[in-house]
Amino acid sequence: MTPAQTLPMAASDRWLIGLACVGVLLLATLPWLGSALIVDKLIYLFILVMFAVMWNLLAGYAGLVSVGQQAFIGLGGYALIRLVDAGFPPFPMILAAAVLTGVVAWALSWFVLRMKAGEFAIATWVIAETIRSIVMFDPIVQGETGTSLLALNAYDPDLRRMVLYLMALTMMVVMVWGTWVLLQRRIGAESQAIRDDEDAAASVGISTFQVKQRIYIIASVGCALAGALWLASAITFQPRTSFGVQWSVFMLFMVLVGGIGTFIGPILGALLFFALQEIFGDFGAWYLAGIGIVAILFALYLPRGLVGLWLDRGRDEPLSMRKRLGL
Amino acid sequence: MLDSLIQGILLGGYYSVLAAGLSLMFGVVRFINLAHGDMAVLGALGSLWLVQSAGVTVPLAIVLTLLGMAALGWLMQRFIFERALAGGFLIPILVTIGLGAALQNGMFAAFGSDTKSLGAHIGNLSWSSWELPGGIFVGQLPVYMFATAVLVLGALHLLLTRTAFGRAVRATSTDAEAASLCGVDPRKVHRWAAAIAVALAGLAGIFLAMRAQVTPFSGPMMLIFAFEAVVIGGIGSLRGTLIGGIVLGVVQSLGALISPQISILAGHLVFLAVLGWRLMQTTAADRGGWRTALAAVLNKPDLARRKV
Chain A
1 MTPAQTLPMA ASDRWLIGLA CVGVLLLATL PWLGSALIVD KLIYLFILVM FAVMWNLLAG
61 YAGLVSVGQQ AFIGLGGYAL IRLVDAGFPP FPMILAAAVL TGVVAWALSW FVLRMKAGEF
121 AIATWVIAET IRSIVMFDPI VQGETGTSLL ALNAYDPDLR RMVLYLMALT MMVVMVWGTW
181 VLLQRRIGAE SQAIRDDEDA AASVGISTFQ VKQRIYIIAS VGCALAGALW LASAITFQPR
241 TSFGVQWSVF MLFMVLVGGI GTFIGPILGA LLFFALQEIF GDFGAWYLAG IGIVAILFAL
301 YLPRGLVGLW LDRGRDEPLS MRKRLGL
Chain B
1 MLDSLIQGIL LGGYYSVLAA GLSLMFGVVR FINLAHGDMA VLGALGSLWL VQSAGVTVPL
61 AIVLTLLGMA ALGWLMQRFI FERALAGGFL IPILVTIGLG AALQNGMFAA FGSDTKSLGA
121 HIGNLSWSSW ELPGGIFVGQ LPVYMFATAV LVLGALHLLL TRTAFGRAVR ATSTDAEAAS
181 LCGVDPRKVH RWAAAIAVAL AGLAGIFLAM RAQVTPFSGP MMLIFAFEAV VIGGIGSLRG
241 TLIGGIVLGV VQSLGALISP QISILAGHLV FLAVLGWRLM QTTAADRGGW RTALAAVLNK
301 PDLARRKV
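Chains A and B, in that order, give the protein sequences. With the first letter of the first sequence counted as 1, position 50 gets the number 50 in the numbering used here; the numbers rise by one all the way through. With the first letter of the second sequence counted as 1, position 31 gets the number 31 in the numbering used here; the numbers rise by one all the way through.
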């Protein structure tokens, strides 16, 4: 991968990145200061950011609108359960589980990436359901009942929380920063070209399948990492929850509300979604129905999300890939 | 075995009604409605509400539900889907996923999570059966449902092939712009097609409510079944949809012979196999067809020269 030529960054973007670095450093010191409850909630927030950033990479930058990324969230968790059951230490296995899931994503990519928009969306969903049905045959999982990551109980709860928090923070930073770097490389420009017009992209010599495959595998490994982390923090593995289509709804909501195909959008969306869940989560089903309605309204009337509002006021998109790549 | 086969074929009638609406939306409006299953559940719970809480008789409840669903389809197309379609391929997927989440959770909040069935309100129809020679029992309800399904799909076929409206629908689905030049208003056609599609979803929902238990969260699985039937049978033909529904029903009920969990999995696997087969065919066609590919492998160039 050769680096694409990039244009210089705007001063405001430099400020934003500097600010983000300071924020991450502050967050890294937080577990020594904050309460256990806040640390737990922040782990969930980091996981949401990872989901949003990964789904945006897939759908927003490569045009692969998947409704089946929960396959990899669930598989990441399932692989972790299996590896820990085989006697491996839990924390390093979170990474190993993601790598194993990446192999599955690689195998599936040959099949799913040959499909077009709507077909791709449903096929990925059916594949997630198929994988869930197969996983439920595993005696460890006990069908609908599920199982628990009991090995984690051997650790002191405070230590466990601290390790998970730092892991989640590190992985979130790696994913956000990695996406930033990736999108400025050749593959970033190529994937956006494919999203905008696949035939045109192929006609100028882009190996469209290869580019889509790389993005698909990266996004899937990211989801698997976040899924394994989520399992490690939630402890219980239930196939219906881990492989549930609600993850896709959440990802879609965060990315859409923040601003699909923008770099900062999904992060804003994840923050907003997290805040909404904290405020209205107690309303249960009505809250989730409201999330659906907000998603419809955004898709119909504000398809560029919150970042779109910013752009409508005549300002530049923060951390814009288009500007950076001179598109 | 024969018993399961017959049950599977009868189940296929239900699947084909469910799938026909999805197929119609996709074929005519070029719109994949990911909330199709949730609309079917809305029809099911709506008819249940009419019977249980409003005290309406079952036949009247069916008519009211179908009319209500048709109106809902028309309104959805008019106020939501039209706008979504104008926004490219991404927006319809996002909108209908959001709609699905809103419908599921809204119905859960409104009707509660306890599973419900119309079975208790249709007298002995839900369990009575006929005995065929050979000691095979066939439930009356599945037979009536299958007959209704064939009748409805047949009527729809006649509507699409023999009437002025059908001609407008076919013209619009082939080329909406050209159709509008010939005096057909594509938006009107789309609205009526959506009305029919959602009414079909409602009918499938009523079937579901009669033959099984319904929960507000049954929708996604119904969507998946509908899509499987459409893809197995081939998009764009009602006969294909009927065949696809029957194949799915047979595969599921044969799978159920082994274990209940295998039943649904078997349906998924057949769907993926058919999809994979189609993709391989397209790929092979891109590279010059099977014969060319085979000839290249066997190193026999004369094989490739024959016309397929």
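Treat the hints with care, since some could be wrong.
Said to hold, decoys possible - Result set (DMTMM-like, lysine to aspartate or glutamate): computed pairs, CA atoms no more than 25 Å apart in a straight line: (1) B:LYS116 with A:ASP156; (2) A:LYS41 with A:ASP156; (3) A:LYS116 with B:GLU131.
Unchecked claim - Here chain B is said to cover these stretches of chain A; the calculated rule only asks that three of the stretch's residues, wherever they fall, bring their Cβ under 8 Å from a Cβ of chain B: (4) 58-69; (5) 122-128; (6) 132-143; (7) 225-234; (8) 246-257.
To be clear, the hints were calculated from the coordinates, so they are not data collected in a lab. Beta carbons: idealized from backbone N, C-alpha and C, even for Gly.
We went through each hint and held it up to the structure:
1. Between LYS116 (chain B) and ASP156 (chain A) the CA atoms are separated by roughly 46 Å; this puts the pair beyond 25 Å, and the hint is violated.
2. Between LYS41 (chain A) and ASP156 (chain A), the direct Cα distance comes to roughly 19 Å. Compliance with the 25 Å bound is thereby established for this hinted pair.
3. With a C-alpha separation of about 47 Å, the suggested pairing of LYS116 (chain A) with GLU131 (chain B) is violated against the 25 Å cut-off.
4. A count of 4 residues in the region 58-69 of chain A with a Cβ less than 8 Å from any Cβ of chain B is obtained; the coverage claim is therefore met, three being the minimum.
5. Counting residues of the region 122-128 of chain A whose CB lies closer than 8 Å to any CB of chain B gives 5, so the stated coverage by that chain holds, three being the minimum.
6. Residues of the region 132-143 of chain A with a Cβ under 8 Å from some Cβ of chain B number 5, which satisfies the need for three, so the listed coverage holds.
7. Counting residues of the region 225-234 of chain A whose beta carbon lies closer than 8 Å to any beta carbon of chain B gives 0, which falls below the threshold of three, so the coverage claim is violated.
8. Figure legend: the region 246-257 of chain A, annotated as covered by chain B; annotation consistent (6 residues with Cβ-Cβ distances under 8 Å, at least 3 required).
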